[in-house]
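Got chain A sorted already, so can you dock chain B onto it with the hints?
Heads up: the protein sequence lines correspond to chains A and B, in order.
In the numbering used here, each residue carries its 1-based index in the first sequence increased by 721.
In the numbering used here, each residue carries its 1-based index in the second sequence increased by 721.
Hints are computed from structural coordinates only; laboratory data are not their basis.
Where a beta carbon is used, it is the ideal one built from N, C-alpha and C, also for glycine.
Watch out, some of these pointers could steer you wrong.
Computed footprint of chain B on chain A; a stretch qualifies when at least three of its residues, placed anywhere within it, have a C-beta under 8 Å from a C-beta of chain B [claimed, not checked]:
#, region
1, 922 to 934
2, 937 to 945
With a cut-off of at most 27 Å between alpha-carbon atoms, the simulated DSSO-like pairs for lysine-lysine come out as follows [to be verified]:
#, chain 1, residue 1, chain 2, residue 2
3, A, K743, B, K884
4, B, K866, A, K782
5, B, K782, A, K851
6, A, K851, A, K963
7, A, K976, A, K1012
Below, each chain spelled out in residue letters.
2 protein chains.
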Amino acid sequence: MELKKYQQQVTSELEKYLRRQKCPEEILNTSMEYSLMAGGKRLRPILVIATCKIFNENTDKCLPYAVAIEMVHNFSLIHDDLPGIDNDDFRHGKPTNHKQFNEATAILAGDSLLNYAYMVISQDMANSPKEELPQKIKVFYEFSKAVDRMIAGEYVDTELEGKKITENELQYIHKNKTGALLELCVRMGAILGNSSPEDLVRLTNYAEKIGLAFQIKDDILSEEGDEKVLGKPVGNDKKLEKCTYVSQYGLQGAKDILDQITKEAIKQLNPYGEKAEFLKELALYIQNRNK
Amino acid sequence: MELKKYQQQVTSELEKYLRRQKCPEEILNTSMEYSLMAGGKRLRPILVIATCKIFNENTDKCLPYAVAIEMVHNFSLIHDDLPGIDNDDFRHGKPTNHKQFNEATAILAGDSLLNYAYMVISQDMANSPKEELPQKIKVFYEFSKAVDRMIAGEYVDTELEGKKITENELQYIHKNKTGALLELCVRMGAILGNSSPEDLVRLTNYAEKIGLAFQIKDDILSEEGDEKVLGKPVGNDKKLEKCTYVSQYGLQGAKDILDQITKEAIKQLNPYGEKAEFLKELALYIQNRNK
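The shape of chain A in the complex, shown without the other chains (with noise of 0.2 Å):
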């Protein structure tokens, strides 16, 4: 599946960005390159450069901001683990950053990966020719209000924890927390790749429809799933009476409304026929995942 050579090509690109000489910060790099490291699926990098190959073979020009978002994900993942957050031990089957170094070390880290995906669009920007800065810096501009509303999201999400919550709060912590930046990746893949302003708006349909499919899936599976499989307890958020698709639609409803955002995501891909077939077949990835 390309899916293998897509993370492979991600890996390899962020690699080029490591910092490894020696200096008096080097346990900061180094635990910077242990959370980037760590195996992550590369969904979002993955996007970009999927969604800007639909337009254009030669997808050199966004790398530099598929390595970016990927930057700030793992940010915002050894933040949202530490003892004030989550307090999450472990990640990835691995300790999580403050685990592995301490707490300073990983709010600093976090910190400065943060700050790294700028300072990589920046130079990018500084090595650009100028007919192409308009259209950065509106990817600019849209890099930094998703992470804005990433932020945002993240703190409704632990502002809310344990309570009871409506429908409205659960999707504007999804549409936040993990919406924003799945969007941006796919805009910023079809902006970079020069696609038609009507391109851009089916894509971004298309994203907003997978971040959905991927809220409902994580839904069904905390009721349903394998718990060997998922690696985590099942039929928690019943207990809690937590508001998800499953508790406002039943079971079978959310896998039907599940279906047909799916069908939805994949129709805005029609026009693109053949070269869309891999950002299909994550639709249907998405769907079918049994964790």
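Structure of chain B alone, referenced to chain A:
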């Protein structure tokens, strides 16, 4: 003195960016405002504006960058104060962000302020005439590099806390943790004021020296300042056996170096006469401040 006028200008400029609308992340916004409006000296944004003014009476162009640097400065204060780093309860005589709100809020408020700085920059770039873009991209690039250095400096400072450190290490910490950002402020002002390359060199020298002076004065105040005026406890550096200019050179030695460095800073401003009067006063203010 002009300082108050500048401070008021910066504060009213910052107010334009406060987010006070009703929304689920309202408390996050309140906590960002709490730190941003806690009564800081506004030294960094003032440096940007005052330097720009040497070369151009109209300083509008540099205002978004002055705002952005104050956001970054406050992000770094919030995170440095966290229990996982310096564990400070008070700043400017008020509870620190995590004491006033909670740890999760403080982590995310810091993240959001850092990111907001880049939102402000990207927004300004999106609204800039094309001919200004190369200059602003240069500023954006230098901005991200300076923040990177600041975080690295904070990391080294944290890592070496309580250990006996060498003079080289002490200087590395200052140069990165405090110096990089102050230098950036002056350089941004000069670049956005359309200074010549020679001017940029001179003003960078000025910035380096006041950065060093700032740190030395901080060390002196930490040793012999007035707790009530400073709004934080005095004598902690000694208790923690922190390596400072005072521990290295003694109180009088540190004061002599401070005097020398301040004179050298002011010398850089000679070519600008009256126009650099405020920057001269600022160097003297840094030397003589009591908080």
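Check the structure against each numbered hint from earlier and tell me which ones fail, lowest number first. Hints 1, 2 and 6 are the ones this structure does not satisfy, whereas the remaining hints hold.
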